[in-house]
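Chemist: Line by line, the protein sequences are chains H and Z. Quick note on this note's numbering: the first sequence kicks off at 167 and runs consecutively. Quick note on this note's numbering: the second sequence kicks off at 19 and runs consecutively.
These aren't lab readings, by the way, just hints derived from the structure by calculation. One thing to keep in mind: the hints can contain errors.
Unchecked claim - Distance windows between CB atoms, simulated:
(1) H:Thr-228 to Z:Leu-362: 40 to 48 angstroms
(2) Z:Arg-235 to H:Gly-403: 46 to 54 angstroms
(3) H:Asn-338 to Z:Phe-240: 28 to 36 angstroms
(4) H:Arg-465 to Z:Ala-251: 20 to 28 angstroms
(5) H:Phe-375 to Z:Arg-235: 47 to 55 angstroms
(6) Z:Gly-125 to H:Phe-375: 29 to 37 angstroms
(7) H:Pro-381 to Z:Arg-24: 35 to 43 angstroms
(8) H:Arg-464 to Z:Arg-367: 18 to 26 angstroms
(9) H:Pro-307 to Z:Phe-21: 30 to 38 angstroms
(10) Z:Arg-250 to H:Leu-330: 55 to 63 angstroms
(11) Z:Arg-237 to H:Arg-464: 31 to 39 angstroms
(12) H:Phe-177 to Z:Lys-67: 53 to 61 angstroms
(13) Z:Val-253 to H:Asn-338: 40 to 48 angstroms
Said to hold, decoys possible - Chain Z residues, not near chain H, derived (Cβ > 12 angstroms throughout):
(14) Phe-34
(15) Val-38
(16) Phe-321
(17) Gln-364
Think of the CB as a built atom: it goes at the ideal place given N, C-alpha and C, for glycine as much as any other residue.
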Amino acid sequence: MSDLFSTTILFAILIAALKMATPLLISALGELVAQRAGNWNMAVEGTMLTAAYAAYVVVVLTGSPALALGVAIAAGLVVAAVNGFLTVVLKLDQFVAGLALNLLASGITLFWFRAGLQGKGTPTFASLSPISEGPFAGLYPMTVFAFALAPLIWWFLERTRPGLELRCLGENPEALDLRGVNVRRGQMLALLFAGGMTGLAGGFLMLAFSDRFVPDFTGGRGWLVVVAIIAGNWRPGRVLAAVLFFAALEALAVQSRVGGSFLPEQLLLAMPYLLSLALMALFRSKSLEPAALGIPYRRR
Amino acid sequence: MRFVPRSETAPAWTAFCYGVALAVFFLLSALVVLSVGGSPGKAFAALFKGSLGTWNAVGGTLAKATPLILTGLSAAIAYRARIWSIGQEGQVVFGAVAGYGATLWFGLAGPFGIAVALLCGALGGAALGLVSGVLEARFRVNVIISTVLLNYCVGYLLLWLLQPGLWGEVGQTISYQQSAPVADSLFLPAIPGLSKVHLGGLVALVLTIAVGILIGRTRLGFEIRGFGLNPRAMVARGVNAGALILAVMAISGALSGLAGIGQVLGESHRLRPDALAGFGYTGIVVALIGRSSAVGTLIAALFFGALAAGGLTMKVMADIPSALVTAMQGIALISFLLAEIASLYQPVRPVRDGGAA
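Please take these sequences and the hints and turn them into a complete structure.
Modeler: So this is what it looks like as structure tokens:
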């Protein structure tokens, strides 16, 4: 226990927590935009997984992390476009469509992995590495980017006119439609933004966290993003706080596996989920969930 | 050609849509096989041989379908009420944990022990379902979210329980992520003539009929269907929405819990994460493809059971990874969802009127 709280270890946990927060935050900022525009985008997990797989394949083939990140974003956009076609155009239930896409992503990546990559040796490749000097030494450029993006998204959503329109998509799309705004286009764009961001998150997760792809690589992180948005009550600042909290718990859990702790590792890992449930149950009356979230818009 | 919403369903058009969906399903699956340089013909032939080709293979299909029927019914009854529970995965595990725990605590053995363990498994699943039900009915916490969260919590609970010193089996040098086996007298007996299918298959069949009657012919079933179509109208008629949610989540959880303890007593004979994984999520897909009816769920579960059983043969015969089956499940779901949407529309030829108006 004394080990856990020495300064060096605390610092290591902090750095690890910031690293773990990075993919969650990038994806959560994108998902926040999609959900404020009225779409649950339940396909986060599948999007992240597809992007991670795409990044892995590209980096193995070309050795270029930058190209891999680009392809990861593209993969995220493709999944989001399919999801948008199903939920925004065909108005399929968002939960059902997301589930189908998650299943498809999990199945196809597993299948391609087993058919193509497994058993052919693990190629080593240039993955992303942290900044080596300066005030941000030890952190990844992507971490700095993610934390810089958070206030920008807040500003966009709460202080700009397009942001207001986007929020209106999730609160009262009919009012926008009556004013001649293209609801379908707006919701598609929001979904695509979310897909691109989650794709970037999946790519970063792949390149910075591991040197190999394993089946179901994302391990529930996509769902954790959805949880963070609900626990953060659809407000950017609180979503950021939730993400940081989850990442800190994950870093602690990893540390407890290495150094031992007074709480079981499994309990630490389950903590984000348990605490989110408790928070949601306690603050039910003050929910700021967008009024039209999950309801496909139909003209009357 | 334009598509306009249909005022009533047309059986011929619906059948056509589902026929196209089936063709699209096989076409897309073939493309996935081709994408890794495999032969779709060989793969599908192996799938068929391993699922329906021999009497033994049919037994394998039924064995794989058994837990899917239960988790499928579990999802179907919730979705009929438009309660989007995805907690089946956690309820399967929790049912298995509760049932296995009961065998330890009560030192169960023999047929009576089997009955008690099955009951405890069902109760465990129901209890977990009720947690989400109470969270929704009393605290207005979205069921989708609470069930996802609980799935992960229960997953970690299982891993924690399977540590050495708790329920984990300790080998000579390493500890496995599994418990010690249950007593031989607790193994579910095989159905005569179908050595691979345990008693749970029969239970699943009986419960399919029971759920069909419950949904179609009882007052509770009427309320469930009504709640799914128009919750406000049902509340206006005096139906207690909270009580209905609790009832649905308890029944749904019990069915999944039964699937979990059935796997423990009938297949793995011990608590093991990989012997329980996936049935819950697949059950959701089974229910969605079966359009949340009892019979539809049974048919979809048999279809998915056949895929799972054939997947193993396909791996051996055609050297295609059995992970294809998971991908095919996703493709099947999307094809059938699209067919369901298409069946609600009708194609209309644009009317030519010489350019006037």
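Chemist: Does the beta carbon distance between Pro-381 of chain H and Arg-24 of chain Z stay inside 35 to 43 angstroms, or does it fall outside?
Modeler: For Pro-381 of chain H and Arg-24 of chain Z the Cβ distance comes to about 42 angstroms; the hint holds.
Chemist: Holds or violated: 46 to 54 angstroms for the Cβ distance of Arg-235 of chain Z and Gly-403 of chain H?
Modeler: 53 angstroms, holds
Chemist: Okay, Arg-250 of chain Z versus Leu-330 of chain H on CB: inside 55 to 63 angstroms?
Modeler: Roughly 31 angstroms apart at Cβ, these two residues miss the hinted range, so it is violated.
Chemist: I want to verify a distance hint. Is the separation of the beta carbons of Gly-125 of chain Z and Phe-375 of chain H within 29 to 37 angstroms?
Modeler: 46 angstroms, violated
Chemist: Starting from the hint 31 to 39 angstroms, judge whether the C-beta atoms of Arg-237 of chain Z and Arg-464 of chain H obey it.
Modeler: 33 angstroms, holds
Chemist: Looking only at beta-carbon atoms, does the pair Thr-228 of chain H, Leu-362 of chain Z fall within the given range of 40 to 48 angstroms?
Modeler: Between Thr-228 of chain H and Leu-362 of chain Z, where Cβ atoms are some 46 angstroms apart, the hint holds.
Chemist: Is the distance from the Cβ of Asn-338 of chain H to the Cβ of Phe-240 of chain Z consistent with 28 to 36 angstroms?
Modeler: The hint (28 to 36 angstroms, Cβ to Cβ) holds, given that Asn-338 of chain H and Phe-240 of chain Z are roughly 35 angstroms apart.
Chemist: Do the beta carbons of Val-253 of chain Z and Asn-338 of chain H sit within 40 to 48 angstroms of each other?
Modeler: At roughly 24 angstroms between Cβ atoms, Asn-338 of chain H and Val-253 of chain Z fall outside 40 to 48 angstroms, so the hint is violated.
Chemist: Range hint 20 to 28 angstroms: satisfied by the CB atoms of Arg-465 of chain H and Ala-251 of chain Z?
Modeler: 24 angstroms, holds
Chemist: Taking 12 angstroms as the cut and beta carbons as the points, is Val-38 of chain Z off the interface with chain H?
Modeler: 15 angstroms, holds
Chemist: Between Phe-375 of chain H and Arg-235 of chain Z, is the Cβ distance one that fits in 47 to 55 angstroms?
Modeler: With Cβ atoms ~54 angstroms apart, the hint holds.
Chemist: Measuring Cβ to Cβ, find out whether Phe-34 of chain Z lies farther than 12 angstroms from everything in chain H.
Modeler: 18 angstroms, holds
Checked against the numbered hints given earlier, this structure breaks hints 6, 9, 10, 13; the rest are met.
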